[in-house]
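Listed in order, the protein sequences are those of chains W and B.
Mind the numbering: the first sequence is residues 1 to 523 in my numbering, read in order.
Mind the numbering: the second sequence is residues 1 to 333 in my numbering, read in order.
Quick caveat, the hints were computed from the structure, so don't treat them as lab data.
Using N, Cα and C, we set each Cβ at its ideal position, and we do this for glycine too.
Be aware that one or more of the hints could be misleading.
[What the hints assert, rightly or not] Derived Cβ-Cβ restraints for the label pairs, each shown as a range:
no.: 1; chain 1: W; residue 1: 305; chain 2: B; residue 2: 21; range: 28 to 38 Å
no.: 2; chain 1: B; residue 1: 143; chain 2: W; residue 2: 125; range: 49 to 59 Å
no.: 3; chain 1: B; residue 1: 117; chain 2: W; residue 2: 305; range: 23 to 33 Å
no.: 4; chain 1: B; residue 1: 196; chain 2: W; residue 2: 109; range: 15 to 25 Å
no.: 5; chain 1: W; residue 1: 126; chain 2: B; residue 2: 22; range: 13 to 23 Å
no.: 6; chain 1: B; residue 1: 21; chain 2: W; residue 2: 216; range: 29 to 39 Å
no.: 7; chain 1: W; residue 1: 135; chain 2: B; residue 2: 319; range: 21 to 31 Å
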Amino acid sequence: MTRGTTQHLLDASGVSKRYGAVVALKSASLRVLPGEVHALMGANGAGKSTLVKILTGAVRPDEGVIEVRGTQRRSHSPAEARRAGLVSVYQEPALIPDLDIDSNLRLTGTPINPFRDWVNQLGLDALDLTRMAREVPLASLRIIDLARALAIEPDVLMLDEMTAALPANLSERVLDVINGMRGGDRSIVFISHRMIEIASVCDRATVLREGETVGVVDMDDVDAEDRIVELMLGEIAEELSDNGVRKGAPERGSDGGPRIEVRGLAASERLRDVSFELYPGEVLGVIALEGQGQDELFDILSGSIRPVDGQVLVDGKKVSFRHPADAIQEGIVFVPADRAEALLMQRPVRDNIALPFSVRLRRWGPIRRSTEKPKVDKAIDRLQIEMRAQGEVRFLSGGNQQKVTIARWLAGGVQTMLCFDPTRGIDIRTKHQIYPLLRELAAAGAAILLYTSELSEIELACDRAIVIFGGEVVAEIDAADADEGTLLRAAHNLKSDALLPEEIVASAHSGGSASEDPGEVDG
Amino acid sequence: MNAAVGAAVESRSSPLATLGRLVRRNVWTLGLLVILALLLVATKIIQPSYGPAGIQGLAISVLPLALAAAAQTSAVLARGIDLSIGSMMALTSVVSARLMDDQTEGFAILVVAGVLILGLVIGAVNGALVVFTRVPDIVVTLAMLFVWAGAALLVLNTPGGGSAKWLSDLTRGPLFTDWLPQAAVLLVAVVAVIWIPIRRSRLGLSIYAVGSDPLAAFRSGVSVTRTKIFSYMLAGLFSAIGGLALTATTGIGTPVPGPYTLMSVAAVVLGGVSLAGGRGGIFGPVIAVIILSLLRTDMTFLNVDTNLATVAQGLILVGVVMVGSLIQMRRER
C-alpha cells in the first residue's frame, strides 16, 4: 500500500475475535480516508458492532492491527482509544443514569461550550444540564451522547445505529451535522440499516458478511445500493426477492366479531383516547411518532400497566389485566422491541422458548421434558434460529434474539400477538423471515397488532394501519394506500398535501432561521 | 451557529433553583434529620432528665458505628458490599491498642498513621480480590471476614493493650458547650474531610458511575477496576478509623468483632443508599446510625424488654424503608 496524499486516517486490518466457539470477526478490515463519511454495513451478526467495539477499545481483539494517521495504536480500553482519537456513540446511550448531565460531562472531561454548540446545532432545545440522565427521554440522551462525542473532536467518530431511536425531525438534524463534517480533517464511520440515510450522507461503504470484509463500495456509483445489498446478502439475494410477502385477503372472521376491541383507552398524559378494533386473521399496523402514547397502549394490552380510563374487550368480553399473566391467559402475548425485556439472557435458547408454555398453566409441578422438547424443536425450526451450540441467548446476534422472542410464543399457539417494533435494528434477511411469519400466523386466524417505526413495513406486512398522534387515533389507512409519504404525513397529523416537518425545517434552514421547529411535538 | 438558539442551553442556576435542587436531591437525608429531631424531642419527653450527659454517651457509642456505616457506604455506592468491616475494625483496633500500650504519646501518632495505612492496604486486598478473581463481592468479603478476624486474634488473643491519652481525649468531653460532644464533632469532621473532596473529584464521579451503570461507565472511559478497588480502600480507611475509635473510646483493643457489619448494612439501607449502587450519600447512613441508637436508648427508658427491642428495631427498619420507597415511587411517576 502506498502512503501518499491518500493516506488513510484509520486503517484497521486483519481484525478477528472469537467468543468461545463463536467467531464474531475473522479478518475484518476498515480503511477510512480523512474527511469522509464511511458506512459500515452488513446483516445482523455480520460483526459491525463488534468491529466498532474493538476499534473503540470496548472489546479486545484476538488479532489485528489498528493504525490511526499512519501510526499503530493500541486501544485496550475506551479511554485509551479516545486518546488515539477513536470515539464511538453506541446503540445504548453511555450516560450514567444516576448522575446529572453536567456530572456526566465532567466524568468524560468534555469541554462544555463546544458541547452546548453541538446540542443546539443538533436541534435539542432547552436542555437542562442539572437533570438526572435517567429522567431524560431516550431520544434526547442519544443526541447528548452524540454532542458529547463531537465536542471532544475525535479523529474518527463511529456512530452505531445513531438514528434508530430518533424521531424524524431529530434524525434529520443529525444527518445535517454529519453532512457538514464531510471534506474536513476528520471522519465518521456510520452504521445504519436505513439505506436512504446511507445514500444521502456517505461517501463510501465497507460491507461485512459473516465477520469478513467482503467489499468496499463507492456511493457515487450508479448501482451502489444494489452492489451493497448483493455483498451483504451474498448468495441469498435472489432467494429473498422471490420470497416476497404473500398477503391473503383479510378475513374478518366468519362470525364477524373483533378479537380485541379498545374503547377510549387513556393512561398517563400521553395516551388520551384511543379506540380501535383488531380482528382475527389480520395484521393491524400502528404508526406513531416517538412518544404519542403507543408505549402505554402496548403496556396496557399486555397487562404491564393499568389504564386510567377506557375499556378493553377480548372476544366481546370486558377484561382488566392486573398482571401480564392475565393477558397471556386471554391469549394475548407481547413481543417487545427491547429483547432484554423479554428474554432470560443467561439461559439457553431452549429454556427461553419453553418458559412461557411450561408455566402457562400456573402449575408448579415438575416439567415433562418429553412433551417440551418437540414443541421447542418445532419453534426453533420454524424460525430458523441459529442455535450456536446451545449457548446462552446473550451470545446470539440481535436478529436471532428477536427470533427467540417470537418463537417463545409460537410453541404454545398464538391467538393474539402484540409486536412492538419487532424489527428495530434487525437486518433485512431476518426481517424477511419475520414478515411472512406474521402473515402466516394471521392466515391461521391469529390477530396481530404491529407497531413499527419503519413505515415501509406497513405495506409489506399489514392489512391496514391506524395512526396515533397526541394520544388519539387520527387516521386509519388501508395497506394498499400506505406509501411512506402518506404515512409520514398522517403520523405528523398533517393534511395529505401539507409539507412534512423535515421539509419545513429544510426550507427554514435555507431561509436562514432555524428557530421555529414545528416537528417538536412533546406531549 | 445561531445566537438566539445558543442561549437556549443555559444551565439555569438562580440561587433559588439551586437550593430547590439541593433539597430535592437530598430529600431522604433531610427526612432523616427531621426524624432524628423528633426522636430527640421524644427522648426528652420520655426521660425529662435526658441532657448533655445522655448526648455525650450517645455520641461516643455512635462513633464506631457511624464510621462502619461510612465504610459500608463507600463499598455499596460502587455496587459492592463489604462484610468484613467488623473484622477490619477489630484488627485495626487490636493492632493500635497493642502498639500504643505503654508507649509515648508521640509514638502514638506514628501508630495512628500506620493503622490508617493498614486500613487502606487491607481494603485494597479486599478490592483487588473482588476485581481480579471475579468472585462476587459478597463471597470475597465474607471470606475476608474470617481472615481479618483471625488475624486480629493472632495480634491479641484476649482484650488488652491500651490507648494514648490524647487519642482517648479526642473522643471525650464536650466542645465549647455542654451540648456539643467532641466525639460528634470529630465524626462530622473526619467524614467530611475524607468524603467531600472525593465526592467532588472525578474519582467520586467514577464511584457513582460504576455503581450506577458499570457498562456505561466503562464506555465513558472510567476504569471500573481501579474505581472498585479504590472504593474498597475507602471502606478499609473508614474501618481503620472506626477501629481507632474503638480503641480510643474503650481504652483497650478487643479482638472479637462487634455487631458492626450488619448494623452498617442496616444503616446504609435506612440512610437512603441504594444497595444496587450509584444512589445516595454518606451522611444519610451516618444519621441513620444515630437514629437506630437513639431508638434503642428510648426503648431502654421505656423499660422495653431488650429482646423485644431488637425485634422492634428490625420492624422499624423495614417500615421506614418501605414507606420511603413508596414515597420515592410516587415521586417518580
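Status of each hint after checking the structure:
Under the hint 28 to 38 Å, the C-beta atoms of residue 305 of chain W and residue 21 of chain B, about 29 Å apart, fit the expected range. Look at residue 143 of chain B against residue 125 of chain W: about 54 Å separates their beta carbons, and that is inside 49 to 59 Å. Between residue 117 of chain B and residue 305 of chain W the C-beta distance comes to about 54 Å, which lies outside the given range of 23 to 33 Å. Look at residue 196 of chain B against residue 109 of chain W: about 21 Å separates their beta carbons, and that is inside 15 to 25 Å.
Checked against the given bound of 13 to 23 Å, the beta carbons of residue 126 of chain W and residue 22 of chain B, roughly 22 Å apart, stay inside it. Distance hint check for residue 21 of chain B and residue 216 of chain W: the Cβ-Cβ separation is about 51 Å, which falls outside the suggested range of 29 to 39 Å. For the pair residue 135 of chain W and residue 319 of chain B, the beta carbons lie near 28 Å from each other, so the given range of 21 to 31 Å is met.
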